[in-house]
Amino acid sequence: MSDTLEAKIRKLGTQYPDSRTAILPALRLAQEQNGGWLTLESFELVGDALELTPAYCQAVASFYDMFHQALVGRHSIEVCTNLSCALSGAQQVVEAFEQELGVAPGETTDDGSITLRTVECLGGCGYATVVAVDNRYREHVSPEDVPAIVEGVRGA
Amino acid sequence: MGLRQMLLGGTDEHDLTKLAEYQSIGGYSQVEKARAMTSDDLIAELQKANLRGRGGAGFPMGRKAALLDRKSPKPKYLVVNADESEPGAFKDREVMAKAPHRLLEGCLIAAHAIESRNVFIYIRGEYLTEYEIVQRAVDEARAAGIFGDVDITVYRGAGAYICGEETALLDSLEGRRGQPRPRPPFPPIQGLYAAPTQINNVCTIATVPAILELGPDGFTSIGTPGSPGTVLFSISGNVERPGNYELELGTSMRELIYTHAGGIAGGRQLKAVIPGGSSVPALTARQIDVPLDYDSLGAIGTFFGAASLIVVDDRCCMVQLALRSTKFYMHESCGKCTPCREGTRWMVQLLERIEAGDGTAHDLELLRKVCDRIEGKSLCALGDFAVWPVQSYMDKWPDEFVAHVEQGRCPLDGESSIEGIFAPSDQHTHAPVAEVPA
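Respectively, the protein sequence lines represent chains A and B. Going by the working numbering, the first residue of the first sequence is number 1, and it counts up by one from there. Going by the working numbering, the first residue of the second sequence is number 1001, and it counts up by one from there.
Some hints could be false.
Said to hold, decoys possible - Computed beta-carbon distance windows for the label pairs:
(1) Lys-1074/B - His-140/A: 39 to 49 Å
(2) Ala-1381/B - Arg-136/A: 25 to 35 Å
(3) Ser-1252/B - Asp-18/A: 15 to 25 Å
(4) Ala-1381/B - Glu-51/A: 29 to 39 Å
Unchecked claim - Short derived list, chain B residues pointing at chain A, Cβ under 8 Å:
(5) Arg-1093
(6) Tyr-1127
(7) Ile-1133
(8) Arg-1176
(9) Asn-1238
(10) Pro-1242
(11) Leu-1247
(12) Glu-1332
(13) Thr-1360
(14) His-1362
(15) Leu-1364
(16) Arg-1368
(17) Ser-1416
(18) Ala-1423
Worth flagging that the hints you see were computed from the coordinates, not collected in a lab. No residue lacks a Cβ here, since even glycine has one placed at the ideal position from N, Cα and C.
Sequences and hints are given; from them, build the entire structure.
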């Protein structure tokens, strides 16, 4: 499995004028194949494939919000709480998720299935509140929608 | 309705994500027209059209193209900034989702102007659905042979507001932490891989086919003399009908808020408008009789920015709004230069103290001073973006800030519309953080 991943990343490296450019897609691939988060082994693998040091790979990953370096749930629920969503009641949406999932933002449910996060502007301000479920946007989310969203994720 | 929609025209009647449908309304015919022209002539046309950058800075796109070092022996790059992350802005997303081929057509025209064969579209990582739509459009147009000797690569970011800053975007595209570069050298001389690079916003590039179609004279007859064309305005917050509205530049802000967006939701009173995305100085309810164009907004001390209006009704506490805005800029500060990295943390601590009722008159003064020590002193504009809203809230709603200090509590007493709002930075620890002295 690891060999296949490394081969895929090596190939990514040939697709750009400089193989270093492949680091974001490579880290994304490594993260997907490791259950949604990156470990030191991931950085070694990406580094070997792109001829970069593991430390460099980790430094890059740590800069971007979509890379995770701690265990996460199989699914993610991310609630935008920036200005437009806040003005439209995002805090009540976050609270509804907290209640439904029994975890605070930044935490994962005990069964390891869902990580709840609050996030900065997702670019859906006109359709507040925006919630990204496994990176797919749900718009106009109100607290009443929360149980069905959670049920849908649990069933997925 | 008479208005020519340069960006979203045809999207109601057709599925313009499909190549055949885009071509059925004349799509990609402007590329052929452009390719029949020399680069010099094409740049002259773009300069005459005076298309001002839609990403925020408003720099004329044609002049940018003219500045590019076309004599360099290195490859020339065109980079489309699709990292739309400014709070309040969601228009690039709609253009990519509904008219991806128009964006690609603009890319091919702009690439011809600067003699580039390599186009990158850098799209923020969160826009997964839009990435897929644009990538499918690229695959379809490439397979149909429309690209010629140009290739377009769609590249996904991974979650960082600062990558919308053009030099940070370049660093990110080079596989680094996305941190802004000192300038000079400017990207048209030394950009991606140290080669001449032109960087434009999605809406800027997607407007380019209309310039070829209408000609510079036709294009400049729309909008205002200083700000020609149409713009896709994003309007959000406490209005009845938030959304994107494509309108001529120079449309009045009152008309956008009250006619197109249906006025303030729930019959409440307007308190503030943040006109260009969350980073610009706010306006009061008395300042909305202003034409929406670069020069008119500049004349009243704010910015056209990303044409993204956030409308705030009278239930909102301006100290809370300042705090939430500042938490965002603190979270997104890349950490490269000190005034922004440290200053935004000081601002958050001071605003938290003031909002909690623990602030003093000295804290208000100190907040002003910290703002002064960030503004204009950071490597990129993010420092200014953190400061401008806060300064404008303090200037225009001074009584609210003073009331927090004098009454020792928020005067809205838990009734603010954004009471209890969360921020991602609350989940993080930023140790070691220098404590602001009490």
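| With 8 Å as the cut and Cβ atoms as the points, is Thr-1360/B at the interface with chain A? | violated, 27 Å
Falls inside 39 to 49 Å, the C-beta gap from Lys-1074/B to His-140/A? holds, 48 Å
Note to self: Next item in the hint list is Leu-1247/B. Is there a CB on chain A closer than 8 Å to its CB?
What the structure shows: violated, 15 Å
**OP:** Using Cβ atoms only, decide whether Ile-1133/B comes closer than 8 Å to chain A, and label the hint accordingly.
**Re:** Violated: closest Cβ of chain A sits about 13 Å from Ile-1133/B, beyond 8 Å.
Measuring from the C-beta of Tyr-1127/B to each C-beta in chain A, is the shortest one below 8 Å? holds, 7 Å
Worksheet entry | Arg-1093/B as chain A interface residue, shortest Cβ-Cβ below 8 Å | With Cβ-Cβ at 5 Å, under 8 Å, it holds.
query: With 8 Å as the cut and Cβ atoms as the points, is Leu-1364/B at the interface with chain A?
result: violated, 22 Å
Verdict for Ser-1252/B, Asp-18/A (Cβ pair) under range 15 to 25 Å: At roughly 48 Å between Cβ atoms, Asp-18/A and Ser-1252/B fall outside 15 to 25 Å, so the hint is violated.
*asked:* Under 8 Å is the threshold here; is the Cβ of Arg-1176/B close enough to any Cβ of chain A for the hint to stand?
replied: At about 7 Å, which falls below the 8 Å cut-off, the nearest Cβ of chain A leaves the hint on Arg-1176/B intact, so it holds.
### Task
Against chain A, run the beta carbon of Arg-1368/B and see if the smallest gap drops under 8 Å.
Violated - the Cβ of Arg-1368/B stays beyond 8 Å from chain A, reaching only about 22 Å at its closest.
Subject >> Supplied contact hint for Pro-1242/B, tested at 8 Å Cβ to chain A >> reply: For Pro-1242/B, the interface hint holds, since the closest Cβ of chain A sits about 4 Å away, which is under 8 Å.
For this session: Return the status of the interface hint for Glu-1332/B: holds when the least beta-carbon distance to chain A is below 8 Å, violated otherwise.
Result: Because about 7 Å separates Glu-1332/B from the closest Cβ in chain A, which is inside the 8 Å limit, the hint holds.
In terms of the numbered hints stated before, the structure departs from hints 3, 7, 11, 13, 14, 15, 16 and 17, listed from lowest to highest.
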